[in-house]
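Peer 1: Listed below are the residues making up each chain.
There are 2 protein chains.
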Amino acid sequence: MIEDKNPQRTSISQLGEFGLIDHLTKNFAITQASTLKGIGDDAAVLDFKDKKVVVSTDMLVEGVHFDLAYMPLKHLGYKAVVSNVSDICAMNAKATQITVSIAVSNRFPLEALEELFEGITLAANEYKVDVVGGDTTSSQKGLIISITAIGEADEAELTYRNGAKSNDLLVVTGDIGAAYMGLQVLEREKQVFLVNPNSQPDLDAYTYLIERQLKPEARKDVRTLLHALEIKPTSMIDISDGLSSEIIHLCKQSKVGCNLYEDKLPLDPQFINVCEEFDIDSTTVAINGGEDYELLFTIKMEDFDKIKGNPNFSIIGHMTQESEGIHLVTRANTKIALKARGWNPIAE
Amino acid sequence: MIEDKNPQRTSISQLGEFGLIDHLTKNFAITQASTLKGIGDDAAVLDFKDKKVVVSTDMLVEGVHFDLAYMPLKHLGYKAVVSNVSDICAMNAKATQITVSIAVSNRFPLEALEELFEGITLAANEYKVDVVGGDTTSSQKGLIISITAIGEADEAELTYRNGAKSNDLLVVTGDIGAAYMGLQVLEREKQVFLVNPNSQPDLDAYTYLIERQLKPEARKDVRTLLHALEIKPTSMIDISDGLSSEIIHLCKQSKVGCNLYEDKLPLDPQFINVCEEFDIDSTTVAINGGEDYELLFTIKMEDFDKIKGNPNFSIIGHMTQESEGIHLVTRANTKIALKARGWNPIAE
Numbered sequence: 001m002i003e004d005k006n007p008q009r010t011s012i013s014q015l016g017e018f019g020l021i022d023h024l025t026k027n028f029a030i031t032q033a034s035t036l037k038g039i040g041d042d043a044a045v046l047d048f049k050d051k052k053v054v055v056s057t058d059m060l061v062e063g064v065h066f067d068l069a070y071m072p073l074k075h076l077g078y079k080a081v082v083s084n085v086s087d088i089c090a091m092n093a094k095a096t097q098i099t100v101s102i103a104v105s106n107r108f109p110l111e112a113l114e115e116l117f118e119g120i121t122l123a124a125n126e127y128k129v130d131v132v133g134g135d136t137t138s139s140q141k142g143l144i145i146s147i148t149a150i151g152e153a154d155e156a157e158l159t160y161r162n163g164a165k166s167n168d169l170l171v172v173t174g175d176i177g178a179a180y181m182g183l184q185v186l187e188r189e190k191q192v193f194l195v196n197p198n199s200q201p202d203l204d205a206y207t208y209l210i211e212r213q214l215k216p217e218a219r220k221d222v223r224t225l226l227h228a229l230e231i232k233p234t235s236m237i238d239i240s241d242g243l244s245s246e247i248i249h250l251c252k253q254s255k256v257g258c259n260l261y262e263d264k265l266p267l268d269p270q271f272i273n274v275c276e277e278f279d280i281d282s283t284t285v286a287i288n289g290g291e292d293y294e295l296l297f298t299i300k301m302e303d304f305d306k307i308k309g310n311p312n313f314s315i316i317g318h319m320t321q322e323s324e325g326i327h328l329v330t331r332a333n334t335k336i337a338l339k340a341r342g343w344n345p346i347a348e
Numbered sequence: 001m002i003e004d005k006n007p008q009r010t011s012i013s014q015l016g017e018f019g020l021i022d023h024l025t026k027n028f029a030i031t032q033a034s035t036l037k038g039i040g041d042d043a044a045v046l047d048f049k050d051k052k053v054v055v056s057t058d059m060l061v062e063g064v065h066f067d068l069a070y071m072p073l074k075h076l077g078y079k080a081v082v083s084n085v086s087d088i089c090a091m092n093a094k095a096t097q098i099t100v101s102i103a104v105s106n107r108f109p110l111e112a113l114e115e116l117f118e119g120i121t122l123a124a125n126e127y128k129v130d131v132v133g134g135d136t137t138s139s140q141k142g143l144i145i146s147i148t149a150i151g152e153a154d155e156a157e158l159t160y161r162n163g164a165k166s167n168d169l170l171v172v173t174g175d176i177g178a179a180y181m182g183l184q185v186l187e188r189e190k191q192v193f194l195v196n197p198n199s200q201p202d203l204d205a206y207t208y209l210i211e212r213q214l215k216p217e218a219r220k221d222v223r224t225l226l227h228a229l230e231i232k233p234t235s236m237i238d239i240s241d242g243l244s245s246e247i248i249h250l251c252k253q254s255k256v257g258c259n260l261y262e263d264k265l266p267l268d269p270q271f272i273n274v275c276e277e278f279d280i281d282s283t284t285v286a287i288n289g290g291e292d293y294e295l296l297f298t299i300k301m302e303d304f305d306k307i308k309g310n311p312n313f314s315i316i317g318h319m320t321q322e323s324e325g326i327h328l329v330t331r332a333n334t335k336i337a338l339k340a341r342g343w344n345p346i347a348e
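These protein sequence lines are chains A and B, in that order.
Read left to right, the first sequence gives residues 1 to 348 (full-length UniProt numbering).
Read left to right, the second sequence gives residues 1 to 348 (full-length UniProt numbering).
In isolation and in its complexed conformation, chain A is listed as follows:
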């Protein structure tokens, strides 16, 4: 998706490792007060004073997590940052710094890496995280991106996976399933393109889904929203691996059960239309799809009035005693045991 038909191609090896790092990182500005020293020494130096430090890491592999046939490099760089920032948000913390390590095969020219770093820079600016370190090296095949995000929080606001209690309400932000269906649309277009490279895709009916897949955003606003509502979640988790597997994680770590209500799942109208077009069950996609960088959290029953009707949040269920198990309650009011069928990058 590098649109220029006559792109300039500069071999990465011409620059050497240090030259390449200097070139790619020169646009990273330091904006966080906690960043004492960014890129350019053996390590970055951070200063969090009396705050707690939060750290998360993710690795993205070409052919496993993304396909460059429809994922522009700039979007990939943006999404790689978002997926890490989302993990920090899921601690109810504020992302402050990231490190970025890249391995690329020599089929990538410098201009491709520049695009990737443009996306990283855009996300770093949007989420106000300082890029404070990294590594750039060769791969035998494809592109691999490893990002570590660092954040800060007061001890009192930190939210773990193990704090949910029986009778707590289960809440999800935004809507779910759209990123997965965006991927299905892009996969279909790729197949059409392979058969007829001159076909002009008409993607107007899918813009929201494609945006959810190619340019997701992390819910950095949730911390502020909850703070304003005077709600402290009892537990919280990022659902980018799929709602069902993350509900199971929350329940196991909190030693509780859960009833999830099918009719409460927040689905975008475009998502519902496209599920019908693809003849796929929308509930199955919504609970198993993954890549929705939304947050799942539990709140005390007495906080119900503070959150009801808020367009940012949907109450989708409630926690139960552990012995009651983890169930989806269908529209027909039957209870089905919830299984983790979230995305599995290890499966063959």
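Since the hints were derived computationally from the structure, they do not count as laboratory data.
Don't be surprised by glycine CBs; every beta carbon is placed ideally from N, CA and C.
Don't take each hint at face value.
[Unchecked claim] Below are the EDC-like pairs computed for lysine to aspartate or glutamate, each with C-alpha atoms no more than 20 angstroms apart in a straight line:
no., chain 1, residue 1, chain 2, residue 2
1, B, Lys26, B, Asp154
2, B, Lys339, A, Glu155
3, B, Lys49, A, Asp47
4, B, Lys49, A, Glu155
5, A, Lys49, B, Asp154
6, A, Lys308, A, Glu189
7, B, Lys255, A, Asp22
8, A, Lys49, B, Asp22
9, A, Lys255, B, Asp22
10, B, Lys252, A, Asp22
11, B, Lys215, B, Glu118
12, A, Lys165, A, Asp305
[Stated by the list, open to error] Label-pair distances were calculated between CB atoms; the ranges are:
no., chain 1, residue 1, chain 2, residue 2, range
13, A, Asn106, B, Asp67, 12 to 22 angstroms
14, A, Gly40, B, Ser323, 19 to 29 angstroms
15, A, Asn162, B, Ser166, 36 to 46 angstroms
16, B, Asp154, A, Glu230, 37 to 47 angstroms
17, B, Gly40, A, Asn106, 35 to 45 angstroms
18, A, Asn162, B, Glu111, 26 to 36 angstroms
19, B, Asn196, A, Asn27, 50 to 60 angstroms
20, B, Asn273, A, Asn162, 56 to 66 angstroms
21, B, Asp154, A, Val329, 52 to 62 angstroms
22, A, Asp263, B, Asp67, 51 to 61 angstroms
23, B, Gly40, A, Ser323, 14 to 24 angstroms
24, A, Val329, B, Glu157, 53 to 63 angstroms
25, B, Gln321, A, Asn125, 46 to 56 angstroms
26, B, Glu302, A, Arg107, 27 to 37 angstroms
Here the structure of chain A is known, so what remains is to put chain B in place on it, guided by the hints.
Peer 2: Here is chain B on its own, set in the frame of chain A:
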């Protein structure tokens, strides 16, 4: 180098991502007081109170940074941790936590990953760093390891690359070049083995070199040693990319020149013998070899008496005005401009 002729091979995909992470990380103990929460949530939580936080990251790629033909997986895991801890040591800081991300192709059975994690665990115990996070995923080809190390230091003890002054003494720890020659010995044995798989290598004459290549150690002792000698280095850097390129980094960032003396380079007798055997100039290897996880630092001239004769340290040169340039002074007392020919993982 998995020696068992009838190894058990368990497919990684049987476990799934979460099962695999649980299985591989169950031996990681938390020993650092600053680790509030380790593996098992969206992010780890760290608490450094009034200390400064130091962060460094490195990516290792099969076929680029290591060859599994002679690098046992356990050693690889150990070395991957060491190389990151070394960067923290080079800040004159103490490593406290690491995150470990791994991508593997499905040719690796579970037992191979267990070996890798055994090495990681061994190093984590040796260096007293807590493994607080990570990611495990598939690769299209080979094994990729990305480690981020976190450390702590008082602001006053932190040592950067940009603090060297003209007339400062240039000091290196340990000896240099041995890791590179260890690699040459292993490469030669691999070629012999490819021709005759029944050959029994006699590596007695090379034990030190091979150990430096396969099981290097980070100089966590240097911080304590310097503290005891009441020396605060003016600048410091890790030389795993090669002495010459790191001297140039120090000089550029500190805006000074340098005279490095060939006859002061600390070389192990085994290293000198093997350079003769391979008919390679020992000075060239010593200053360009890389993978010696030693530290290079500068001290004020008046600290000379505190450090002279100390077996841990060799004074190998002194800093000059920037305009005088960066030179190697040979045994014949001629001055040669120092060039960075450190290892370049980006070159084709």
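Peer 1: Okay, which hints does this one fail, numbers in order?
Peer 2: 1, 2, 6, 8, 15, 25, 26
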